[in-house]
Amino acid sequence: MPWARLRALLNGVKQCFFLSKESRISRERHAHRVVPKIVQLLRDEDWTALRAHFTLVLRWLLKESVLKNAFDLVKVGTGPIVSVSEPVISIGWFITTVRLPVQFKRAQLVLSMPMTASGKLLGLQCSPQHMFGLGNQWQTPPYADDTKFEAHTITLSASGYKVSGVATVPATSDSHLCVILLSGSGPCDADSSVGAAKPFKDLSVGLACRGIATIRFDKVTFANGKRVRRNKAFTLTDEYVPHALAAVDYCLEHLPGKAIYLLGHSLGAYVAPKIAIMDQRIAGCILLACPSGPMYRSAIRQLEYFANMDDPSDEHPLSQIEDLRRQAEVADSPDLSKSTPASSLPLGIGATYWLDMRNYSPVEDCKYLQKPILCLQGGRDYQVTSKDDYQCFVDNLESKANFQHKLYDELNHLMIAGTGTPGPLEYENPGNVDEAIIEDIGKWVNACSASTT
1 MPWARLRALL NGVKQCFFLS KESRISRERH AHRVVPKIVQ LLRDEDWTAL
51 RAHFTLVLRW LLKESVLKNA FDLVKVGTGP IVSVSEPVIS IGWFITTVRL
101 PVQFKRAQLV LSMPMTASGK LLGLQCSPQH MFGLGNQWQT PPYADDTKFE
151 AHTITLSASG YKVSGVATVP ATSDSHLCVI LLSGSGPCDA DSSVGAAKPF
201 KDLSVGLACR GIATIRFDKV TFANGKRVRR NKAFTLTDEY VPHALAAVDY
251 CLEHLPGKAI YLLGHSLGAY VAPKIAIMDQ RIAGCILLAC PSGPMYRSAI
301 RQLEYFANMD DPSDEHPLSQ IEDLRRQAEV ADSPDLSKST PASSLPLGIG
351 ATYWLDMRNY SPVEDCKYLQ KPILCLQGGR DYQVTSKDDY QCFVDNLESK
401 ANFQHKLYDE LNHLMIAGTG TPGPLEYENP GNVDEAIIED IGKWVNACSA
451 STT
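Mapping of the sequence shown onto UniProt numbering: residues 1 to 453, in sequence order.
Incorrect hints may have been included.
Said to hold, decoys possible - Below are the DMTMM-like pairs computed for lysine to aspartate or glutamate, each with C-alpha atoms no more than 25 angstroms apart in a straight line: (1) LYS367 with ASP279; (2) LYS162 with GLU150; (3) LYS367 with ASP174; (4) LYS226 with ASP238; (5) LYS120 with ASP238; (6) LYS400 with ASP440.
Simulated from the structure, these hints should not be mistaken for lab results.
Build the full structure now, drawing on both the sequences and the hints.
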């Protein structure tokens with residue numbers, strides 16, 4: 001009976017490579033039993049019991065203090081867990097992955113929990129919802145008109161790293177003004193996505209509809225995160241300069257036009273004046289929510305802001321603030337050297353990065369820069385503030401003929417309008433860069449170009 005044997009063989013192969021319905025149901029039940037326990041242990045901050053839910057190998061590697069410190073760091077920005085939604089469970093051949101939407105006091109995140117078939121944890125990570133296609137999605141801004149521009153995927157290569165990007169080009173002209181966009185801190189994608197917002201996509205389509213081309217691209221820390229983390233000599237210069245200059249090269253080759261401008265947001269704005277000094281091909285720079293000092297100073301103010309929003313009896317934010325202050329003092333110290341351990345420095349980032357940051361001082365760089373500068377700030381920004389940062393630029397640069405500035409009272413860090421007490425949770429709401437920002441940047445770029453022709 002060769003056919004019977006063949007069918008038996010095929011059924012055996014099928015059973016080896018495809019999970020049975022019973023197996024899937026069993027693993028889903030395991031996941032549904034484990035997830036509420038994990039959430040409750042996080043709420044109770046019972047690190048010993050939480051550690052026991054990991055696989056044996058990870059229990060050897062993970063100390064309770066590691067779990068505590070990691071969750072404390074999350075809580076400083078988000079506040080405590082308020083509620084959870086239904087988990088999304090994916091059954092793989094060896095691993096079950098649970099993605100649990102979690103509502104914190106100030107943020108909506110996803111708790112990602114890969115686990116074994118029996119429900120033992122292989123990891124535990126909090127991530128933004130948009131990384132998993134959850135939560136509110138970006139909405140097309142009302143000022144976008146698809147008939148007025150074209151968007152092309154591009155690749156920029158520099159210093160051995162490739163990043164993907166987007167060239168957004170007006171459909172009405174072969175000769176363009178071009179603005180290159182530099183994202184803020186962290187591993188930002190080309191749209192500078194935060195929650196439901198994509199501020200760089202808004203800026204790109206808004207400016208293109210006004211006849212101005214843009215280049216935006218993934219940061220090297222987003223596109224090459226693992227390689228960057230392994231590079232202990234990685235610097236702020238490495239993070240921004242090579243691909244910014246590669247974008248200038250791309251503009252000159254593919255988008256011949258009148259002038260090229262840099263637009264930096266947050267940490268991208270911090271480095272923009274120095275890059276404009278480095279490269280004479282850059283005609284000027286636009287600073288959105290630009291910090292006046294090192295980013296750990298902004299981080300300390302953010303933690304203080306969150307601490308004022310939380311229960312005064314909660315000691316976690318206060319201890320985090322004191323830790324960061326001590327680390328900031330080490331970063332500022334004249335004794336800082338490449339041998340200073342990363343554990344004693346802000347955000348666990350190595351000394352090479354902070355030593356290189358000393359080469360950047362946006363206020364002083366703007367004093368030296370003779371090219372046009374536009375500094376724009378949101379009045380509701382708690383990350384880079386009008387009082388501590390924007391006013392520093394105004395006080396030091398207002399007398400310079402090449403410096404213009406404007407404060408928008410209702411806008412937040414992403415240049416999106418809002419009301420009430422600002423916080424991370426509002427980034428989860430659908431919203432777009434305010435059209436006034438688009439309009440003012442467009443007018444400024446055109447005026448600068450007209451004055452040089």
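Here's how the hints hold up against the structure:
Between LYS367 and ASP279 the CA atoms are separated by roughly 16 angstroms; this keeps the pair inside 25 angstroms, and the hint holds. Distance check on the hinted pair: LYS162 and GLU150 sit about 23 angstroms apart at the alpha-carbon level, within 25 angstroms; holds. Annotation: proposed proximity of LYS367 to ASP174 is violated, straight-line Cα distance about 35 angstroms (limit 25 angstroms). The hinted pair formed by LYS226 and ASP238 meets the criterion: a straight-line CA distance of about 15 angstroms does not exceed 25 angstroms.
As the CA atoms of LYS120 and ASP238 are separated by approximately 39 angstroms, the hinted pair breaks the 25 angstroms bound. For the hint pairing LYS400 with ASP440, the CA-to-CA distance comes to about 19 angstroms; that is within 25 angstroms, so the pair holds.
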